[in-house]
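Undergrad: Since chain H is already given, all that's left is putting chain G on it; use the hints.
Protein chains in written order, with the numbering used here: chain H, 33 to 644; chain G, 251 to 477.
None of the hints are false.
Computed spacing ranges between beta-carbons, pair by pair: (1) Lys35/H x Glu421/G: 13 to 21 Å; (2) Glu431/H x Lys396/G: 40 to 48 Å; (3) Arg324/H x His295/G: 28 to 36 Å; (4) Val110/H x Glu437/G: 20 to 28 Å; (5) Gly290/G x Ser352/H: 30 to 38 Å; (6) Thr356/G x Asp99/H: 49 to 57 Å.
No lab work stands behind these hints: they were computed from the structure.
Glycine included, C-beta positions come from ideal geometry on N, C-alpha and C.
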Amino acid sequence: MDKTLLDNIMGKVSKPTRYMGNEYNMVEKDIDDINIRFAFAFPDVYEVGMSHLGLKILYHIMNERGDTYCERVFAPWVDMEEEMRKTGIKLFALETKDELLKFDIVGFTLQYEMSYSNILNMLDLAGIPFESRDRQDDRYPLIIGGGPCVYNAEPLADFFDLFVIGEGEEVIHELLDLYGECKKKGVNKFDFLRYAAQIPGIYVPMFYDVHYRDDNTIASIQMKYPFVPPKIQKRIIKDLDNAYYPTDMIVPFMDIVHDRAVLEIFRGCTRGCRFCQAGMLYRPVRERSKDRLEDLAKKIIDSTGYNELSLSSLSTSDYSQLEDLIKDLMENFEEDRISLALPSLRIDSFSKEFVEEVYKVRRTGLTFAPEAGTQRLRDVINKGVTEEDLSRSVATAFELGWTNIKLYFMIGLPTETFQDLLGISTLARKVVDSFYEYRPSNINKNPTVTISTSSFVPKPFTPFQWVGQDSIAQFEEKQEFLQHHLRIKHVRYDWHDPRLSFLEAIFARGDRRLGKVLIRAWELGCKFDGWAEQFKFDMWQQAFKDCNIDTYFYANRVREQDEILPWDHIDAGVSKAYLWREYERALAGELTHDCREGCTGCGINAVFGGVC
Amino acid sequence: MRIIAKFSIDDRVKYISHLDTMRAIHRGMARANIPIEFSGGFNPHPKIAFAFALPVGTTSTGEYMDIEVKHPMDPSALKERVNSVLPKGIQILAAREIDEALPSLTSMIERAEYRVNIPYLTDDMDDFFQKFLNQKNIIIDKKTKKGIRKMDIREMIFSLEVIKKWESRIEFKTQLMCAGQSNLNPELLVRAMAEFANIDYAQHLPKFHRDEMYIYRNNRWITPLEL
Chain H
33 MDKTLLDNIM GKVSKPTRYM GNEYNMVEKD IDDINIRFAF AFPDVYEVGM SHLGLKILYH
93 IMNERGDTYC ERVFAPWVDM EEEMRKTGIK LFALETKDEL LKFDIVGFTL QYEMSYSNIL
153 NMLDLAGIPF ESRDRQDDRY PLIIGGGPCV YNAEPLADFF DLFVIGEGEE VIHELLDLYG
213 ECKKKGVNKF DFLRYAAQIP GIYVPMFYDV HYRDDNTIAS IQMKYPFVPP KIQKRIIKDL
273 DNAYYPTDMI VPFMDIVHDR AVLEIFRGCT RGCRFCQAGM LYRPVRERSK DRLEDLAKKI
333 IDSTGYNELS LSSLSTSDYS QLEDLIKDLM ENFEEDRISL ALPSLRIDSF SKEFVEEVYK
393 VRRTGLTFAP EAGTQRLRDV INKGVTEEDL SRSVATAFEL GWTNIKLYFM IGLPTETFQD
453 LLGISTLARK VVDSFYEYRP SNINKNPTVT ISTSSFVPKP FTPFQWVGQD SIAQFEEKQE
513 FLQHHLRIKH VRYDWHDPRL SFLEAIFARG DRRLGKVLIR AWELGCKFDG WAEQFKFDMW
573 QQAFKDCNID TYFYANRVRE QDEILPWDHI DAGVSKAYLW REYERALAGE LTHDCREGCT
633 GCGINAVFGG VC
Chain G
251 MRIIAKFSID DRVKYISHLD TMRAIHRGMA RANIPIEFSG GFNPHPKIAF AFALPVGTTS
311 TGEYMDIEVK HPMDPSALKE RVNSVLPKGI QILAAREIDE ALPSLTSMIE RAEYRVNIPY
371 LTDDMDDFFQ KFLNQKNIII DKKTKKGIRK MDIREMIFSL EVIKKWESRI EFKTQLMCAG
431 QSNLNPELLV RAMAEFANID YAQHLPKFHR DEMYIYRNNR WITPLEL
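So that you can see chain G by itself, here it is in the shape it has in the complex:
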């Protein structure tokens, strides 16, 4: 049986790496005695697939995992049992069964939505975002294993809007490309904005939160839980 679970990572544990998160959840499943299917081989591992790594330091209420269990069980029972034994700061928000024939979550997800808290880069941020998006190309330096590589991220930004304003900081919401072949880390977006505004990035620590991931299916955008 295949179950999809949505989970959150809060401030208390946001510095754990993707591997740490996987380990923490594997162990939570073991403590909760969830009958997870295992792979074969010399080093068998539990069959839980995690969609797109959350950047370290980012909180989230929109993480997903794709779980294979040995025998049928009520997804909400899985949620309750696992939540009672997860470290504080990680929580399953919802779980439901999906069709085993569907492809992997990672291959279906195309976009992720983030909320980002930054200081004002200019006085009029709405106008700034407009101008920022009006650029034909947004070229950034991306650090890769092979060194620094130029990348145009304009086509990877689908929306950008201010949703909250305080005295010195704002919060904006953005939908970014998040797919197997190409994935835009919101930190790179903020770096590009800082550069566009001619401001030193390092002094303006942004806070990132991932809200949701989206799949394009039957001509509309849905969340994995709506599969």
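Chain H extracted, bound-state conformation:
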């Protein structure tokens, strides 16, 4: 890499810190002492990628190894890409500024479907051919993927050499051990993949064939070789308490999306909300002990200097010893002005004492997620919170002096009617009234109640995986309806672009035939689709048309019970029978209790044993 050239272009682009590296706690190694060079690739900009916990864990876990050097690479923003293409600078990793072609493995994390176009763009900027079959010789790094989207990564099957299904902490060592051995022995790529496919949790898509019927549904998913498993079972960390967790996390210079220390308190969720993919994928629930968390918290704060610690999980209030944990942490941290952040707090767990404790040092915005406007619909999705829960939480927040509250809903949920949407506006009105009833006498401000709606996207491995998504026109009609009914004093309404949710639905439940659409969309200039100013929906429509792909088939069609789904050869632990049962209960409006109150039979304990 010509560093003067790089220096010159960095002087011209916006936010050059994105490409600079050299942050505190960045790992430096002598590449002559290294056998495996791994590039952890996040297909979005630096400030998004650096906020991601999986990157922090895997970066440090790999760098603990003497034989491996893990570096980072992010999607360059469009201005940087333009300069790179103009000057011939290839995509490089932040640590050594070496180009990706020099690496053994490039590992992409697949966090959201709308980053897929960036993966192709990054491969192109690196000078790496898109399709796995065009990368047979060892000039090219191995391209691997992990993260939640790998549970159905079929639209990316042509581009990746292998996927890691499930939690990476253990698998990554088995994979790197194998790679290191194979590299020393000069094993070719096919044989390496053959061996890799024997590691539980490793999915090599080229070893499977998918056949389709005339109606475009899948006829069969077949193993091409006898040495691959018929189903790839996800991997999990059984003993989370003793699992590796980094304490010397990189501290970025620039203001990233979540600019604070993160402590993952537990994995999984017992609630069983029927729309929630994470709730199904990350089962079973595994907690870290309070002692371990307090020890980690202290070490993380000492080694990063952050003044805010976020307790992360899918549903923070479900941690079994949360009140004790928070009390202890606050005792340790209050003097040093370190505040706690508790994202994902449930409405039904928001008590006055608790909130006062948490927000002693610094006060942040409050968001509640009722998800749906009526009890009927909240029961359909098994959200399990009531209007009383919301009223009580909101009243508490106002009593404690909050004036800004955000309520988050989804529109387009199964069985939704306009009555349910009216329920959103009724709730908004009640929240505003509640402010004037409960605000302390010293607060003379008016409240701001923000209602935010996203468009429901049916996801694989959820009870709603068979559901047809609302059309864009239906979403727009619902948004207009809400705009009209949310013209309420002190209420703001914002909504997500339904066209993006439509694409998300296509790719979330897509199959291998969508790979060519991704290439075509990339050719037409699609990238950074999640960024409103870059999103080119007309080009996506063009790409589907050019590839002869019927989007209705993927996004809006209701799937049959006996249909082979593109992800049926992936085993996430929850059984298809359980998901179907939950789907039927949803349509009947029946609640399913939290699995801490008794097993609901999802199948995860049959796979991994133990109580969950």
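TA: Frame of chain H, contents of chain G only:
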């Protein structure tokens, strides 16, 4: 107790913004367990005042911060402790206690000294600088939030001299106005020179380095560390 520290920003981290620098130092102070005084209010912040933002892309061996610590400590211990936990590329060069009654650093500093590396704009750069400074007015376009505004920078340039020559580039040293009411970014100076020489600025990427800041006190120019 009030401590003034001089610090540097080198090539490795020169693209960080002023805010980034402040954050990096706040966090370094926290990692080093320096008992920094905090402001009150809903969002308390550490009491460290940074003198004049360094333009992005500029290296420096002459940055200053003004630190309030809760209880007395040895300034050189602060320097050692913080340096061991700062990101590579940022370093405290010196630290000393100053009188708490003195006004803020920003209100005392009036000038900054830079070294600038540029290609030859003409064959005889000494002569060029002479002619450049002999202009009565040097009018430039300054981009502000409200749009582009004309500004005369002649009175903001106090010295200008070539200090090194290579085959195709030179390095010059310059003292520029750097004060609360008016502050001349050396980039604007180089743009004005390029315009005077009738040369396209964009093709001649200059490199900037800030060396020092100066305060006028008791009829002489001193550095903040000499307060």
